[in-house]
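Chains as they are written, first to last, in our numbering: chain A, 20 to 373; chain B, 9 to 131; chain C, 81 to 712; chain D, 67 to 236; chain E, 22 to 126.
Be careful, since some hints might not be right.
20 Å max Cα-Cα, derived SDA-like pairs, lysine to any residue [what the hints assert, rightly or not]:
no.: 1; chain 1: E; residue 1: Lys52; chain 2: C; residue 2: Trp693
no.: 2; chain 1: D; residue 1: Lys193; chain 2: B; residue 2: Ala107
no.: 3; chain 1: A; residue 1: Lys84; chain 2: B; residue 2: Gly28
no.: 4; chain 1: A; residue 1: Lys52; chain 2: A; residue 2: Glu24
no.: 5; chain 1: E; residue 1: Lys52; chain 2: D; residue 2: Leu84
no.: 6; chain 1: A; residue 1: Lys84; chain 2: B; residue 2: Leu32
no.: 7; chain 1: D; residue 1: Lys202; chain 2: B; residue 2: Leu100
no.: 8; chain 1: E; residue 1: Lys52; chain 2: C; residue 2: Gly686
no.: 9; chain 1: E; residue 1: Lys52; chain 2: D; residue 2: Phe94
no.: 10; chain 1: A; residue 1: Lys90; chain 2: B; residue 2: Tyr30
no.: 11; chain 1: A; residue 1: Lys80; chain 2: B; residue 2: Tyr30
Everything labelled a hint here was simulated from the structure, so no lab data went into it.
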Amino acid sequence: MDLTELSIVSIKTLLIYVAFIQVVPVMIWVERKGAALIQDRPGPNRVGPFGVFQPIADALKFLFKEDPVPKEVNRLLYNLGPFLILLPSSLIIAAIPVGDRVELFGRDILLQVADIDVALLFFLSISSLGVYGILFGGWASNNKYSLLGAMRSSSQVISYEIPIALSAANAVMFYGTFSLRQMVMQQEGVLLGFLPNWGIWFQPIGFLVLFVALFAETNRLPFDLPESEAELVGGYHTEYGSMKFAAFFMAEYINLATASALLVTLFFGGWHVPWLSDSWLLLKLGSQNVVALVQVAMFLAKISVLLCIFVWVRWTVPRFRFDQLMHLAWGNLIPLGLANIIVTAILLYFFEGR
Amino acid sequence: MEAFLPIGILFLFAVMLCAGIYVLTNLLGPRIFQKNKLSTYECGVQNPLFETNARLPFKFRFYLVAVIFLLFDVEGAFFLPWALVYRESLQLGANLLIAMLVFSVFIILGLIYVFQNNYLNVD
Amino acid sequence: MMEFLLLSMILIPLLGSILNGLLLRSGSPARTGTLASTAAGLSFLAALLLCWNYLSTGQIVNVNFEWLRVGGLNLAWGFRFDAITVLMSLVVTGIGTLIHIFSIGYMDEEPTPYRFFAYLNLFLSAMLILVTGANLPVMFVGWEGVGLCSYLLIGYWYEDIKKADAGMKAFVINRIGDAGFLIGIFMLFQIFGTVDFESMKLIVDGSGSLNVRWLQFAAFFLFVGAMGKSAQIPLFTWLPDAMAGPTPVSALIHAATMVTAGVYLVARMGFLFRVSPDVSHFVATIGCATALFAASIATAQRDIKKILAYSTVSQLGFMFVALGVGAYSVALFHVMTHAFFKALLFLAAGTIIHGLHGEQDVCKMGGLRKHFPVTFITTSIAVAAICGLPPLSGFFSKDAIVFAALTGPYGGPYLWAGLSLASLLTAFYMSRFYFLVFFGEYRGNAHPHEGGWAMKLPLMDLAIGSAVVGFLGMPHGLHVLPNYLDQLLVPTVPGWEEAHAFLTEIQSMVVAVAVALTGIAIAAFFYLPNPARSDKAAPKLLAIDTILKNKYWVDELYEVVFVVPFRFLSGVAARIIDPRVIDAAVLFPSRLARAGGTLLTFIQSGSSQFYLWIMLTGGLLVLWQALKGLIV
Amino acid sequence: MREVFFMIFSIFTVLAALGVVVSRHAIFSAFSLVLAFFGLAILYLLWGTSFVSMLQILIYTGAIVVLFVFVVMLLDLKKEETLDSAKTGPLVMAGLSVWFFSLLILRALNRATYFKSTNVEAASDIKSISTLLFSKYLWGFEILSVFLLALIVSACVLARAEYMERKADQ
Amino acid sequence: MIPASVQILHWSHYVAACLFALGMFGFLIRKNAIVVLMCIELMLNAVNLILVEVSMRSGHPEGLIFVIFIITVAAAEAAVGLGIILNLYRAKGTVNIDAFRELQG
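For reference, chain A alone in the conformation it holds in the complex (with noise of 0.2 Å):
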């Protein structure tokens, strides 16, 4: 590893990091515009045109409001809580190829911060990382509701989390590989003539699945049941003022980006242009970069599709009471993902089998 290689790369991670970053503001104010927009009634317009500027004033107003740490907290892991689920969502992004490759400087850049061959398997186990800073969080701020919150919270998150790997173990099945870059590699072109070669066609219960869990996985609305205002004051963040209570809210919105892009890259063809194969792109417009810039833009407009669509489920879908969520998942999910492994295993048998 030589020093130039590794400045590319870092400064690539940096550029990466920093535009999922930028999805938080965004995300903000997509939020609120589009549950203003379900609840028929304009939304943040004051901070500059269409309040696009609200985002930052909510950021300024974190920095600026008094962070109080109650008394008998277990201050170590007080502090901690927040960051505990910031890392590790932001440690998934590593795993997300965001486009195909540039040359730039003489190289060959891919554009995703690291290809390892197990970027899926990567992607499941950091995700369980998370479960650490809710249950430290809520333990740390000894309080009662937020502990029970605590308790609720990372027993949803980790019984989502079976759901999730039978998914996975389902697109791993089909596609043969851990790697997400490969994954993407072939979903390209067109399939039966009119669809693009997206990987939702083969398994559209795999998808159906990891979506209604990865909803859970980042406590969104359906599930966000743990720190629901009306029941639990706040659950397992009600103690933490100011920046850190933004941490979470940061982690959350990081989560989503996430696992919107998960989904993109397993089901929806990650960076390709629908029916358009790659070669034919650098046909059309010559030089790889620009065909990566397409790939690129592309591949956010899929991640805002589905973010948008995560947000009109948050303000439409009612909240599940805590038991229905827990048998949603053990009832339902799990079953669901194990019978679609053992279909399509049969399905790829009758296929592919001698």
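For this one, chain A is given, so just place chains B, C, D and E on it according to the hints.
Relative to chain A, chains B, C, D and E alone:
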């Protein structure tokens, strides 16, 4: 092994971000501490009982969820390597399929057992 | 035929005792009494026939059965009927039968008479075994049987603790004697290799090269046995206490038969004592001492049976003097005569006590010649005989002994003087007894009545016997009748030739009669005029009354010398030695084990981490050793 | 380059492990356990087995320690004094001996021949491991499934949910 | 104490040894049952590390299969162990090992 280097770098950036947040809030945030601010937030209900021992008497259900998650997580994890090699193995015959079917039979048995005694009806 | 007779003589009384004691157990004294007496009578008849056969044919009847064959010892159940046995068996069975008849009357109020008669018959058979035994072990069997019966009979009324103790005392002291007897038997077996009389006799008479010292020792130990059984000086205390038994018992056992067993033993082993001078001297001196000692005590006794008991001890002393000086035949002659008149005296005492309903104190009697006419006549004959008045048996046998003491092989003037003094005292106390009981007014408060004919008949027979028997052993000096007894006994018992002494036989007789008469005169002087105040007068003058009354405190002496230290020692053993030494030794290992155990409980501390720590270090050490070679 | 990382993360893991033993409250020991396993995962990465390290994070850190934290939260433990000085003497010795013992074992292993091969990073990627797992050790895999079923049953029985529930409510 | 010729020995050997030692050390010292279980996990991981290192350096991937099995067993051990500790806690109200002293002579 080299592929994991960028992850390390990304980890560093993330740590920098968190440290930044932590430092900024401490620097910028005002420090006006009053007694009730420092007590844990009980939505206004002054209840001495909660003062002392905030740790909730244990809800055993949560422990059970964790245990069952652990075991099913292990079983789920076994699916991953299987999925990886399943497709090629089809050329060599269906023994991997049968193996997995047997494996999933036991998982289903486990699930049925768990549901029968409704260990998971977390209230 | 003769063998059968011999065996039947011995076994019939045994059969009688078994029938009475174990099978019939009938309550009425008449029925069991007659059964027992017939058994005794049959045995007496057998004895007579055997004697007639011996006297006529001189054939020594011998019966042998296989008993023990161990190592060098070849023991047989040997029974032998020779000269001495003639004499002894006649005395035993004859007097035995008379006493059986007498005791039928005596035992009329007893609730369990069959027990008494069973013991009596058993005693008879034991005595016969003793007498007819051909070798020492068989004799010892009889010896033990007799001891047992004496114990049983003395303690017949065992409810009374004193009587039971008396029985126990007799038995224990006899056992001491028996121990000496056993040691004697062992030594003899060691020396001769056989314990049969005949073979021993042949060896002693035959070879001259015997080691005399060992023989002396054996003889001495035999004499210790004799002392125990025949109540000589150190071991005589049991005989006076034995009076606790019923009177017929005293008569039969403690007068006539058992006590003479010791004399019979020494006489039978005469060939041995003949050869051991020192022991003979010792026997003589012991005999003389006992005679004097017992006679002196008898003078002060108030209990009628105690007087007779001490007189028996003294008479036994006379016999042992005879044996000591070597006149064995004379001793046996005195045994026979003494058996008759002493049994008679005892039976008379029995009738008197029976008549006075248990009153035994002489001072409370008196003037009984009116109430007991037959007893009076027979007792006067017996008293005359024992004092040694001429025509009666006592005179001949006692004077023969006194003369033998003077002229016997081991005799001497001092013995003669001692014996004369003893016979003086004998005359004195017997006449004292005679006057106190039969003369003066009756001082008791019971109304006396004489027993039936069953009691009188034996008295009369014995009286006749004690009068006539004397003529059998007439001393040579008188030249009236030949000494039939010597002719009978001398071949089997070593004879003796008189050494020249300052008195001839006739002169010694005259001196003896004078001594007797003076004794009687002194007694008459003191007791005849006023029997009432009699007891206070005589001995008090000499201020030795209290000593005599208390029997020289011999019993107390034994108590102090033996019993107290023994009790002290056993106490010490129980309190100190047992707990401290023995228990400690036993408990020490257990205490050690417990201590060890508690030490180990430290290991079982219960904390699982401690157990793990122990396992870890152990495992490490093992691994260290295992891998030592491999790595370091 | 690689040796440097080895050193850093070895020390990091050992310190974290020390944290587990020494920390006063069970929560801290759980937290340092997480760090230790994370360090170990990175060590596995440095050795080249990415699959095992991911598995380590997924199961060990993601499930087992979560269970530990759950239980710690369940039993509201007071702060406990960890090392009573009295016991440390012999047990420190135990630690030393264990370390020495493990080195002994390793030295023994070192002498074994098959160690001589250079540290070739042969078939260590995930595909080869998986194929090996499902070819040679298929039976182990099946037995594991039965084992896990038994585990589920036993864990549920041990937890005895309904009994505990009543007990907790008293 | 250890002879010089240890160049083959690698950093991870020492790490494994330390982990095992610390695990055993904690296992013997700590009074809290849960921490004891954690120390057991530590020990198991030390074994895993050795296995990984040896299998990678010798080129035989069987070691890794072993590691996978060990991980499952560790999961099993944790599940059942904690179940038992819960029962003990319910029985005695405490998790301190010294409270459970029934197994003694």
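Results of checking the hints against the structure:
1. Lys52(E) x Trp693(C): Holds. Lys52(E) to Trp693(C) sits at ~14 Å (cutoff 20 Å).
2. Lys193(D) x Ala107(B): 18 Å, holds
3. Lys84(A) x Gly28(B): 15 Å, holds
4. Lys52(A) x Glu24(A): Given that 20 Å is the threshold and the Cα spacing comes to 42 Å, the pair is violated.
5. Lys52(E) x Leu84(D): 16 Å, holds
6. Lys84(A) x Leu32(B): 11 Å, holds
7. Lys202(D) x Leu100(B): At roughly 14 Å apart (the allowed maximum being 20 Å), Leu100(B) and Lys202(D) satisfy the hint.
8. Lys52(E) x Gly686(C): 14 Å, holds
9. Lys52(E) x Phe94(D): 15 Å, holds
10. Lys90(A) x Tyr30(B): Judged against 20 Å, a Cα distance of about 19 Å means the pair holds.
11. Lys80(A) x Tyr30(B): Cα-Cα ~15 Å, so holds.
Against the hints set out earlier in the document, a violation occurs for number 4 only.
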